[in-house]
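Visitor: Take these sequences, add in the hints, and give me the full structure.
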Amino acid sequence: MLFLGSPWFIDASEIAIHKLSFADFATHDVAVDMLQLFQVNKMALEDANKLSGKLTAQRGVLRLANENLKKQEAKTQQLTSELLRSRDEMAEVVDTINQLELGIAFLDSDDRFVFTNPEYLHMHEKVIDSVQIGVLFEDHLRVLFDAGEIITHIIDREEWVAKRLIAHRSLPSEFEIVIAGGKTLNIREQLTHSGGIAMVIREISEQKKLQAQLVHSSKLASLGDMATGVAHELNQPLNIISMAAGNVERTLKRGEFGPEYQLEKMQRIKENVVRASKIIGHLRSFGRDANEAAQPFDPRDAVRGAIGMIGEQLKLSSIELVLALPTEADAQVFGYALRFEQVLLSLIRNARDELIAHPSGVAPKRIQIIVVFEPQGQVSISVEDNGPGVPVALLENIFEPFFTTKKVGKGTGLGLSVSYGIVNEMGGKIVVVNTSGGARFEITLPTIHHQSNPD
1 MLFLGSPWFI
11 DASEIAIHKL
21 SFADFATHDV
31 AVDMLQLFQV
41 NKMALEDANK
51 LSGKLTAQRG
61 VLRLANENLK
71 KQEAKTQQLT
81 SELLRSRDEM
91 AEVVDTINQL
101 ELGIAFLDSD
111 DRFVFTNPEY
121 LHMHEKVIDS
131 VQIGVLFEDH
141 LRVLFDAGEI
151 ITHIIDREEW
161 VAKRLIAHRS
171 LPSEFEIVIA
181 GGKTLNIREQ
191 LTHSGGIAMV
201 IREISEQKKL
211 QAQLVHSSKL
221 ASLGDMATGV
231 AHELNQPLNI
241 ISMAAGNVER
251 TLKRGEFGPE
261 YQLEKMQRIK
271 ENVVRASKII
281 GHLRSFGRDA
291 NEAAQPFDPR
301 DAVRGAIGMI
311 GEQLKLSSIE
321 LVLALPTEAD
331 AQVFGYALRF
341 EQVLLSLIRN
351 ARDELIAHPS
361 GVAPKRIQII
371 VVFEPQGQVS
381 ISVEDNGPGV
391 PVALLENIFE
401 PFFTTKKVGK
411 GTGLGLSVSY
421 GIVNEMGGKI
431 VVVNTSGGAR
441 FEITLPTIHH
451 QSNPD
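At position 226 of the sequence shown (counting the first as 1) the number is 226 in UniProt numbering, and the numbers step up by one without a gap.
Treat the hints as calculated values from the structure; they're not laboratory data.
C-beta atoms are modelled at their ideal positions from N, C-alpha and C, and glycine is treated no differently.
Simulated pairs of lysine to aspartate or glutamate, EDC-like, Cα-Cα distance not exceeding 20 Å: (1) K429 with E400; (2) K163 with D139; (3) K163 with E138; (4) K429 with E176; (5) K183 with E149; (6) K429 with D298; (7) K183 with E119; (8) K265 with E249; (9) K183 with E203.
Computed spacing ranges between beta-carbons, pair by pair: (10) T435 with D129: 52 to 62 Å; (11) Q132 with N397: 44 to 54 Å; (12) E82 with P118: 25 to 35 Å; (13) E206 with T80: 41 to 51 Å.
Guide: Structure, rendered in structure tokens:
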């Protein structure tokens, strides 16, 4: 077909407007061709319009994507910068940790080593392979025990490991252990945000020496205070010995010294010599240097020892002593028997001083000591008086060093502070409460089979 110029009609509706029919055209085929061409052009135009719309939309999408990409690039740069800064800060933290005179280690949630600083490695240099990254902490404990690096009263390795793991999993925890060479380590463990464990180990051997010196000084002060009572205590067996010897001498002079009489007097003299020797021996042990080794002991023996030291003083001060010791139970604690005896002496002396300073107008002066073995594996030792009690305002600070309620020259304020330290070192607690008729100091200690401290 041949077309010259523009189409006569653009839209089919114009044909109707001009009231034309296909017969008005040159031929029917031409009209049909023109109509088809018109329809094709129309469809092409519609497709072009749609494509144009899609392209416009795609340009918008691309523009938004480009903007988001730029934002992401900026955010990535910011995060990269922050990451680099955090890395530098972390490097500074690690460098600081590595320079500390503290052994520091981190364990992951599976209880495996993920970090150890140089000081921690130095503390474990004899078993250094057991503290490498990835080693299970429980395996490290077994190596530590087998290498003889732990000084403990526990003979069985698995028993010690089990007790150590109890403390390890009872977070936060703090305890002390003694290692080969006699060094004392303070160990603190705490849960991390990631579910692992942070460990800090500090050697406190020098601190322990200073504490021991303080304990010894306090003991010597106690001995000086008890001199009168001890002299009275020694006078009794010495008087009996003197009387028995005098009777023997008189009997010999009269020539009436028979074998039975001789045996009776000699036995009596011997018994009181033994009694005096025990008093002197106990005084010597009590006043000895404070480097006492921790070992199992019966707390009732410590109570009896303290009463033996101060009982006569209480009688001289007209103070009634009420003692309640269980006879059916048999349980021991692990710690320092003489130091614990010192704690009891300090509490009894304080109660005595309060009763003397504030005499009751009606009730007789009384100190009551009660020992109870609790079913949950603890022993409770309480020292209670019927004095005025402790002023409420002073209860919070009563165990602080150099804190005292006594008049100037009557006390150093070391007694209760030292007592608190000794009890705490044995894994126990000491508290004071006011009762309706005085003050009660109560000590709670774990018995040997229920101690979690693995020393």
